[in-house]
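With chain X's structure known, arrange chain Y on it following the hints.
First to last, the sequence lines map onto chains X and Y. Heads up, the first sequence is in numbering that gives the first Met the number 0, so the first residue is 0 and it goes up one at a time. Heads up, the second sequence is in numbering that gives the first Met the number 0, so the first residue is 0 and it goes up one at a time.
In short, the hints are calculated from the structure, not lab data. Predicted, not measured: the structure shown is a model, and the values here were computed from it. Note that CB positions come from ideal geometry on N, CA and C, so glycine has one too. Wrong hints could be hidden among the right ones.
Covered stretches of chain X (chain Y as the covering partner; in silico rule of three or more C-beta atoms under 8 Å from a C-beta of chain Y) [to be verified]:
#, segment
1, 202-208
2, 497-507
3, 679-692
4, 703-713
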Amino acid sequence: MAASPVLPKLVGQRVKRREDPRLIQGGATYVDDVKIAGMQYVQFKRSDIAHGRIRSIDVSAAREMEGVEAVFTGKDIAAMLKPLPIGTPFTSPPHYAVAIDAVRYGGEAVAVVVASDRYVARDAADAIVVDYEPLPAVIDPELAMQGKPTVIYPDFPNNLSVPLISSGTGVHGSTVDDSAIDKAFAAAEVVVRQRMHNHRLAPSAMEPRGVVAHWEPSKGFMTIWSSTQNPHILRTMIAGMLDVGESQIRAIAPEVGGGFGAKINIYPEEYVVAAVSKRLGLPLKWIEERSEAFVATTHGRGIIGYLEMAARKDGRVTGVKLRLIADIGAYNMLLTAAIPTLTMMMANATYDFPAIRTTLTEVFTNKTPTDAYRGAGRPEATYFIERGMDLLARELNMDPAELRRRNFIAKDRFPFHTQTGAVYDSGDYEKALDAALTAADWEGLKKQREAMRSDGRIVGLGLAMYVEVCGMGPSAALPSTGGWEHSQVTVERDGRITATTGVSPHGQGNETTFAQMLADQFGVPLEHVTILHGDTGVVKQGIGTFGSRSQAVGGTALHMAGTKVKTKMAKFAAAMLEAHEDDIVFENGEVMVKGAPASAKKFSEIASFAYVPIPLPEGMEPGLSDEAFFEPSNNTYPFGCHIVMLEIDRETGEPKLLKVVAVDDAGNLINPLIVEGQIHGGLAQGIGQAMIEEVVYGEDGQLLTGSFMDYALPRAIDFPHFELHATVTPTPVNPLGAKGVGEAGTLGSTPAMVAAASDALGVPHVDMMLRPEKLWRIIQAQGGQHGSEQEGGRP
Amino acid sequence: MAQISVTVNGKTRRAHVEPRTLLVHFLREQLNLTGTHIGCDTSQCGACTVLIDGRSAKACTVFAVQVDGSSITTIEGLATGDRLHPLQEGFWEEHGLQCGYCTPGMIMAAVNLLADNPAPTEQEIREGISGNFCRCTGYQHIVSAVQHAAGKK
Numbered sequence: 000m001a002a003s004p005v006l007p008k009l010v011g012q013r014v015k016r017r018e019d020p021r022l023i024q025g026g027a028t029y030v031d032d033v034k035i036a037g038m039q040y041v042q043f044k045r046s047d048i049a050h051g052r053i054r055s056i057d058v059s060a061a062r063e064m065e066g067v068e069a070v071f072t073g074k075d076i077a078a079m080l081k082p083l084p085i086g087t088p089f090t091s092p093p094h095y096a097v098a099i100d101a102v103r104y105g106g107e108a109v110a111v112v113v114a115s116d117r118y119v120a121r122d123a124a125d126a127i128v129v130d131y132e133p134l135p136a137v138i139d140p141e142l143a144m145q146g147k148p149t150v151i152y153p154d155f156p157n158n159l160s161v162p163l164i165s166s167g168t169g170v171h172g173s174t175v176d177d178s179a180i181d182k183a184f185a186a187a188e189v190v191v192r193q194r195m196h197n198h199r200l201a202p203s204a205m206e207p208r209g210v211v212a213h214w215e216p217s218k219g220f221m222t223i224w225s226s227t228q229n230p231h232i233l234r235t236m237i238a239g240m241l242d243v244g245e246s247q248i249r250a251i252a253p254e255v256g257g258g259f260g261a262k263i264n265i266y267p268e269e270y271v272v273a274a275v276s277k278r279l280g281l282p283l284k285w286i287e288e289r290s291e292a293f294v295a296t297t298h299g300r301g302i303i304g305y306l307e308m309a310a311r312k313d314g315r316v317t318g319v320k321l322r323l324i325a326d327i328g329a330y331n332m333l334l335t336a337a338i339p340t341l342t343m344m345m346a347n348a349t350y351d352f353p354a355i356r357t358t359l360t361e362v363f364t365n366k367t368p369t370d371a372y373r374g375a376g377r378p379e380a381t382y383f384i385e386r387g388m389d390l391l392a393r394e395l396n397m398d399p400a401e402l403r404r405r406n407f408i409a410k411d412r413f414p415f416h417t418q419t420g421a422v423y424d425s426g427d428y429e430k431a432l433d434a435a436l437t438a439a440d441w442e443g444l445k446k447q448r449e450a451m452r453s454d455g456r457i458v459g460l461g462l463a464m465y466v467e468v469c470g471m472g473p474s475a476a477l478p479s480t481g482g483w484e485h486s487q488v489t490v491e492r493d494g495r496i497t498a499t500t501g502v503s504p505h506g507q508g509n510e511t512t513f514a515q516m517l518a519d520q521f522g523v524p525l526e527h528v529t530i531l532h533g534d535t536g537v538v539k540q541g542i543g544t545f546g547s548r549s550q551a552v553g554g555t556a557l558h559m560a561g562t563k564v565k566t567k568m569a570k571f572a573a574a575m576l577e578a579h580e581d582d583i584v585f586e587n588g589e590v591m592v593k594g595a596p597a598s599a600k601k602f603s604e605i606a607s608f609a610y611v612p613i614p615l616p617e618g619m620e621p622g623l624s625d626e627a628f629f630e631p632s633n634n635t636y637p638f639g640c641h642i643v644m645l646e647i648d649r650e651t652g653e654p655k656l657l658k659v660v661a662v663d664d665a666g667n668l669i670n671p672l673i674v675e676g677q678i679h680g681g682l683a684q685g686i687g688q689a690m691i692e693e694v695v696y697g698e699d700g701q702l703l704t705g706s707f708m709d710y711a712l713p714r715a716i717d718f719p720h721f722e723l724h725a726t727v728t729p730t731p732v733n734p735l736g737a738k739g740v741g742e743a744g745t746l747g748s749t750p751a752m753v754a755a756a757s758d759a760l761g762v763p764h765v766d767m768m769l770r771p772e773k774l775w776r777i778i779q780a781q782g783g784q785h786g787s788e789q790e791g792g793r794p
Numbered sequence: 000m001a002q003i004s005v006t007v008n009g010k011t012r013r014a015h016v017e018p019r020t021l022l023v024h025f026l027r028e029q030l031n032l033t034g035t036h037i038g039c040d041t042s043q044c045g046a047c048t049v050l051i052d053g054r055s056a057k058a059c060t061v062f063a064v065q066v067d068g069s070s071i072t073t074i075e076g077l078a079t080g081d082r083l084h085p086l087q088e089g090f091w092e093e094h095g096l097q098c099g100y101c102t103p104g105m106i107m108a109a110v111n112l113l114a115d116n117p118a119p120t121e122q123e124i125r126e127g128i129s130g131n132f133c134r135c136t137g138y139q140h141i142v143s144a145v146q147h148a149a150g151k152k
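One chain only, chain Y, in its complex shape:
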C-alpha cells in the first residue's frame, strides 16, 4: 500500500492505495465520487475524464499513486455552490445529454477545450470532444451545448 495526498475538488485527501489502483477506482470507491464513470477498459471512451491540475485526463489511464500531490477536479466539484458551471448549463439548455453516462466526462473534456480555445468553431468542438464517446445524442446537441457555454464566457 502506498500513501498519497491529493486535493480533490478543493479538499485535501490522504489515503492508502494499492499501487495498481486506478485513479478512477480511487475516486469512485474510496472517495465515493461516483459521478466519474467507467465506460471502457482501453482508454477510448472518455467517460472517466477528470481534470488533473487543470488539464483533462482519462482517470482509467492514471494510477492513483501518480496523482500524489496533484489537484483533481471531478464533475461533483464543477459547480460553484448552487451556480452551475456554464458547460453544465449549456448541456441542460441544449439537451446535450440523454442517458447521462458519458456526460460528466464529456463536460470535463469540454472544460479543457474551452480553456484552450474560448471561441471554437463547430469543427473545432467536434475535434475537441472526439476523445469522448456518446452513444445517445449523435453529438449535435453536445456541440450546441459547448457553443452555448462558449457564448457565455
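If we strip away everything but chain X, and leave its shape as in the complex, we get:
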C-alpha cells in the first residue's frame, strides 16, 4: 500500500474559513431570503412618544386597505400572549408584547398589521391613528431615582427596578459590614474619586432582526426562522408562550448577520409573529428596518459609576468603592437585570484589592430597554476601574504601567477568589503588560509624545489592563437556560464526519474551527468534516452563542462527543483487525494497528462494518454516532493589555487615533486568523464607543440618534492599523485550554482611549464619548494651550 501523505495538524493554524464561499457569492440564506408560498408581511405600528397613555387606537382605515389581511391592537395580542417572560430572578412589571393602555418608550409597538406585501403593510401601519395622552418622560436615571419627573410604574417607587444589591468585602448574603472598607479609606494616604458614565450604545449588527414563522395547522407544527444567537432558547420560549410542546416547534437561525449580544434576547416581535401565524394559520415574515432597530432592538451599556479608590503613597490600592446606577430603560428583557451584575463581579479587575465594595441600583427610564452588548457589563467594570488606576497614577506622579504592576494579582495565586464573587481560572497579568509595553515601545512612545508636544500638537498615551469573564456557563451562572453545551458527532457510512453543535455562530467561524478540531482528533482531512448548527430540527440540544462561550464550552462538548465516537470506532477496528483496541491508531484518514501500516483500513471500511456489522462484535451497538453535554466547572478569564496613542486637533477638537497595540491572552488558540478577526472587531466597537458612538435622547424622550445619519457607526477611515500580539495562558477549566475571545477587544480599548485623551489634554479625566466639541471646549478653557503643567504631572 502506498504511503498516504501526512496530514498537517490544523489546530493552531490560520485555516481560511469554510463558511466563506457561500457568503462571498451571494449564496447565503438570511431570514429575509426565506420565502414561503402564501407568505404575508407583518408591520408594527410603533409609539412616536416616549411615555403616555393610549386614549384610543383607530385601525379602521388600515383594515379596509386592499391587501390587508388583519390588524391587531395590544388587547388582541394580549388574548394570544401572556406578558413576556424574563430570565432573571428579579420582580418586574408586566410587559405586554404590544402595548395595551400605555406606552413607555418611543418605538414600543402599539398595533400589528398583516398584509400581502411589505409596502402595503407599511402603508396600513401609517394609516393607524393613535391618540395619546402624553406623560413626562423619565430620561435621567439619577433624577428617576428620586421619582422625577414622574414614576413610570406605581408598584416600583422611585423607578427602582433593582433598589440595591451589593457585592465585595464584608457582604454576607443580605447583610453588609462596612468596617473593612471604612478602615481602608480612613487610613488612606491618597484617595481619588470620579463619577463616570459608560454611555448607551446601539449594537447595530449589519443585519437587522427578522422573523419568519410558519404554523401548519394540520400538522400542529411551527417552523420559525429568526435572526437569533440562540435558536434552542427561542424554541423553549416560543413553545412556552404559545402553550405548545417544544417538539411542535423547529427553530432555525439561518445565516445570521451579526448579533453582538443583541440577538440573545427573545423579542416581542418573535412572540407576536409566531402567535399571529398560529392564529391565522399563515406563514408570516417580519423584517426590522434600521430605524426600527434603533428603538426596538435592545441597547447596550448605560451605566453610571461613582468610583472611590484609597491607596498608599507607594501606589498600592487599599480600598475600592464602586456605586453603580444602571439605566435599564422601560422594561426588563431576558437578561437586562443580569448584565450590570457582571460589572459588579468584574470590578475586581486584574488587581489584588485588599477591600472592595460594589453596589448596584437598576432604574427604569422611558427608553429602549438595555440588554447584552458585546462585553456586557465587563467593559463597564474595566472602564471604571482602569480610569481609577489612571487617576491614582496621576495623583501619585507614577507611570500608569508601574502603578498597575504594583497591584496585580501575582501569577502564582490562581485560581484566585475575588471578593466580588469570581474565581479567576489562570492569569499572568504582568506578562501581558510587559508584552504590550515592549510591543508598543512604551518608553519610545513617551519620547515621541514629548517631541510632538514640543511641536504644539495635542497628543496623549493611554494604557489599560482588562480581565473578562468568558466561557459562560456553568449552569449556576445561567440559571434560566443552563450553561452547558451539546454536540453530536457522527462518522457517516462513507467515512466522512458530521457534527452538530448547540452553539449558533453568526460570524464567529465555528464551521471552520470545529472542523479543524475534529480533523485533528480523527486524523482526517478538513474537507471530510461538516459542522451543522442553528437548527433545532438538526441539532438536538444547545444553549447558543454568547458570552464568548463557543470555543470553551461548545468546543469542549464537540471534543467530548468526538472522543466517544473515536473510542467506539477503535473497538470496531479492533474487531475487524483482530487486535486489541488499545493498539488501534488513527492516522491520515486511516485506522490501523500501531506499528503495522499494512493493517490500515479506510474510514469508510470501518464505517461500513459499523453500520452493517456482520457479525456484531459482542457487547456493541451498531453505528458510529454519539453525543455529549459539557457542563464547565467554572468560567474562563481571558485578559490583556491595550495601548493607544491619540492626537486631538487643536482647531476642531477632533480626536485622531494614531496607534493601537493590543495584547490579548485567550489561552490556547484554534485558529489565529479567526482570533485576529474577533479582536479587530472588538477593538473597533470599543474604540467606537470611546470616540464616536453614543445613543442620545432628548429631554422629551425622543431618540436623537435614530438612524445611521445620526448614530456614528465607525467607518474604515476611523481606524489606524491595529497591532496585535498574544500571550498564551491556558485555562485548566476545559481540556482545550481555550478561554474565548469574542468580546475582549471591547474591554481594554475603551479606557485606553479615554486615558489617552485625558493625557493629551492634561486633565485627570474627560468622560466618554470623546465628542470633538467637548474636547475643543477643554482646549479653549485652557486658553488654547494644553498640558502646560510640568512634565512630571504626566507619566
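Below, chain Y without anything else, positioned relative to chain X:
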C-alpha cells in the same frame, strides 16, 4: 405599474414594477437575487451596493424604473463560471468577512475602487470603502482583502 427592461448579470429581464419599487427590492423580491442585502433605510450602510453600468451604487437609493435600459451587476454575477473574482478570492484568503452581511456590498464597492485606482494605498482603500459599514471586522482584514486583489491585477 411601469414596464422596465434591465440587463442583470448579463441576462435581459423584463418586468412590471410599481414606480416606488426600490431597485434593491426589485432585485431581491422579483429576481430572487438575495445576495444584495439591506442594512439600513438611509443610504448609509452600503450593504445593497451593486454596479449600475459598471459604477457602484446603493440599490436602496435607486428606483427600479430608473435603471430601465441599464446593465446591473450583483454579487451573484461577479464570478466567472467557477472562477472567483479576485476580490472574492481576496476576501476569502484574508478573512475579510465574518457574518457576511455587508460583504456583497463591500465587494461591489471595492470593484469600483479598484477600477478607478488599481493600486491603492491603505489610506486610499480605507477612504474608498467608507461608504460601506462593517460591524464585525474592524475593517483591517477587508483592507488586506482589497490589497490582495489589487496585487493580483
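Structure-based check of each hint:
no.: 1; hint: 202-208; result: holds (count 5)
no.: 2; hint: 497-507; result: holds (count 3)
no.: 3; hint: 679-692; result: holds (count 6)
no.: 4; hint: 703-713; result: holds (count 4)
Violation of the numbered hints given earlier is absent; every hint is satisfied by the structure.
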